[in-house]
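Undergrad: The primary structure of each chain is shown beneath.
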Amino acid sequence: MGNSETLLRVKDLKLHYRTARGLVQAVDGVSFELRRGETLAVIGESGCGKSSLAKAILRLLPRNVQTYTGEVWLNGANVMAYNEEKFRQEVRWVQMAMVPQAAMNSLNPVVRIGHQIAEALLVHNKGKMTKAEAMEKAAESFKWVGLPLDFLQRYPFELSGGMRQRAIIAMSLVTEPDLVVLDEPTSALDLSTQANVMNVLKRIKHELGTTFILITHDVGTASELADQVAVMYAGKMVECSPAETFYTNAAHPYSAALMASVPTLRMDKPLSFIPGQPPSLINPPTGCRFAQRCPKRFEMCEKEPPTVELENGQRVQCWLHAAAGEMRDAQ
Amino acid sequence: MAEPALTVESGATPATAKGLPQWLRLLVYILTRAVTIVITSVVAVYLTIIVANMGGKVDEIRKAEIDFNVRQMAVADESLRHLSVAEYNRVVEARIQQEYERQGLNQNFWARSVRYLWKAITLDLGQAERLTSDSGSSWVRQIILERLFPTLLLFASAQLLIFFLGIFVALALSRRYGSWLDRTVIALAPTSAAPSWFYGIFLILFFAAMLRVFPFGGMVKAPPPTDRFEYALSVLKHLTLPVLAQVLSSVFHTIYSWRTFFLIYSSEDYVEMAKAKGLTSGQIERRYVLRPTLPTILTSFTLLLISLWTGAIVLETVFNWPGLGRLIYEAIQKYDTPVVVGTTVIYAYLLGLTVFLLDFLYALADPRVKVGSGGRRA
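One line per chain: the protein sequences are A and B, in this order.
To convert, note that position 18 of the first sequence is 18 in the numbering used here; the numbers rise steadily by one, no gaps.
To get the numbering used here, take the position in the second sequence, counting from 1, and add 1000.
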């Protein structure tokens, strides 16, 4: 983690879908940076655009994409500018891998797991690596996630959910990519298996120094791995803060409300909830998208809030802080 | 840190994966399927025997025939003239009984039907009542053997063509989903509602009667060429229209449904995963779309085969193809029960064999069916 070079820089990323009911602005102008070896946890309610953000970064687009713009700088190159073939050869699974939301269905049911892991190596090292070497590397990756090696010869249906999730984590690590996007890696698992998988991820983060983007709706899970926490609300990234400041002192009113709704082990606080519902991503309200539910709204919230960088490294999209910053500047 | 994780998870292996080695599970599966198919065939043959004998009603018709004939002959018999009425009736009755016995009609029909069944399934098909083979034999086995090869040739070539054409076109369309070509094929899918012989008539009208490029029917031109190559060429020419008729009658619907299977399977999460892994689109298509869809395709193909075999009777008659279908048509026309039963047995066996073969391929294509009985799905 000592290396603090910037691995990933996302600038004004937009992903809009066409649907029968209108344009869905799933990711609407998201910007953030991530240093090598760190983990960014992206949290938010379901339907806020978290998974779409992952898809946009990984360029796994559905057919009904209307707008896909912005910049994704990875290892100093804007990979958004690559054509599909160059992206496939140089970025997919070489620099960037993923652990998808539905690990249950993310393994080919009719191909042995070992082959599925080895093929990622074989396709990117064409002619340079034999099948036996690739299988050896696959076995190594199985050791990282703590799966017995004879499972390489099994079919996915012969594994339990937790084992499949770990097999997929092994698959995402086998090519030693710089960045792994984890899209709700534990949501489909029961609690004890969730803890197992999180432990595996923590160990990998420390031992291999892999950079993760962890997408989750579970604030508690996020805290185990995160160095930075980003909060998404209605397609916007409303806050991106260092983990320790976020958990003690979230800047955005939505983040604060979210934290207040999470039970903690030691504190005996009454749990609160956020009234109302998140806005539809089709024709979202102008100005601050959280304004309707925000306890601290004032007249400025009618307008699009600016992104403000606070002194402790927190970046927040909110007029409250913009106003405070202006006042501070004025003094 | 990972050690406890390891021990917790290892115990959760699905129980069915343990125990028997894989090849043995495959064998058990294959044997189970074989037994099922044999039972189905036997039931089909038995039903045919009952239907062909009209559930024993044919016996009554034959008994009435015997009664009538014996009485006619008794009236004409001079040696019976001097007998008393009672004596006369006794003699006639005895003669009738003798004739019943000669034809086995004194036994219960149901008891005899079981004997027929045994003979049928062991291919002891007996002699035809009216039909003969081209070489003049009246043994049903001989008649059927002569017709078997042409039928196999016609149906195997049509079925293989439909299978491979279906797969390739369906894959290509699933790639161009929504294009005009795709929509055209979907629009043409209802044409499969018409049977193959219906297309056969039109093909004959167009290519044989009007354009005169293909023959009207038959399997080889008369007289048959002596040169082997020329013979094969002539057979190929005669084969074209009936194969085309079968392809036309099922290919659009087949492509439509298989393309839909491919589309459904291409939206699976593992296909997206394969794309994220950076596999080429060719690799994704072969390993992540075609392979997992294959079991479904095979099932749909099995159903298609059954309907193709059923259409054989009329199609072969339309094309004057010297196969089993036309044989059964002729046999029904002439009330030749042994031939009808014999042909049905062969049909049942052929159908059973194809289904069995496809089941075997299914087991090879889908590793999940080898688990336990009944093919547990994950």
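Be careful, since some hints might not be right.
DEER-style ranges, computed between Cβ atoms [stated by the list, open to error]:
#1 B:G1178 x A:E84: 15 to 23 Å
#2 B:G1178 x A:R21: 16 to 24 Å
#3 A:R63 x B:P1225: 49 to 57 Å
Just some of the chain B residues that point at chain A, by a computed CB distance under 8 Å [unchecked claim]:
#4 S1138
#5 K1221
#6 L1290
Everything labelled a hint here was simulated from the structure, so no lab data went into it.
Source: prediction; values computed, not measured.
Where is the CB? At the ideal position from N, CA and C, for every residue including glycine.
Undergrad: Indicate, hint by hint, whether the structure satisfies it.
TA: Results of checking the hints against the structure:
1. B:G1178 x A:E84: 15 to 23 Å: 19 Å, holds
2. B:G1178 x A:R21: 16 to 24 Å: 20 Å, holds
3. A:R63 x B:P1225: 49 to 57 Å: 56 Å, holds
4. S1138: 52 Å, violated
5. K1221: Violated: closest Cβ of chain A sits about 48 Å from B:K1221, beyond 8 Å.
6. L1290: Since the shortest Cβ distance to chain A is 10 Å, the answer is violated.
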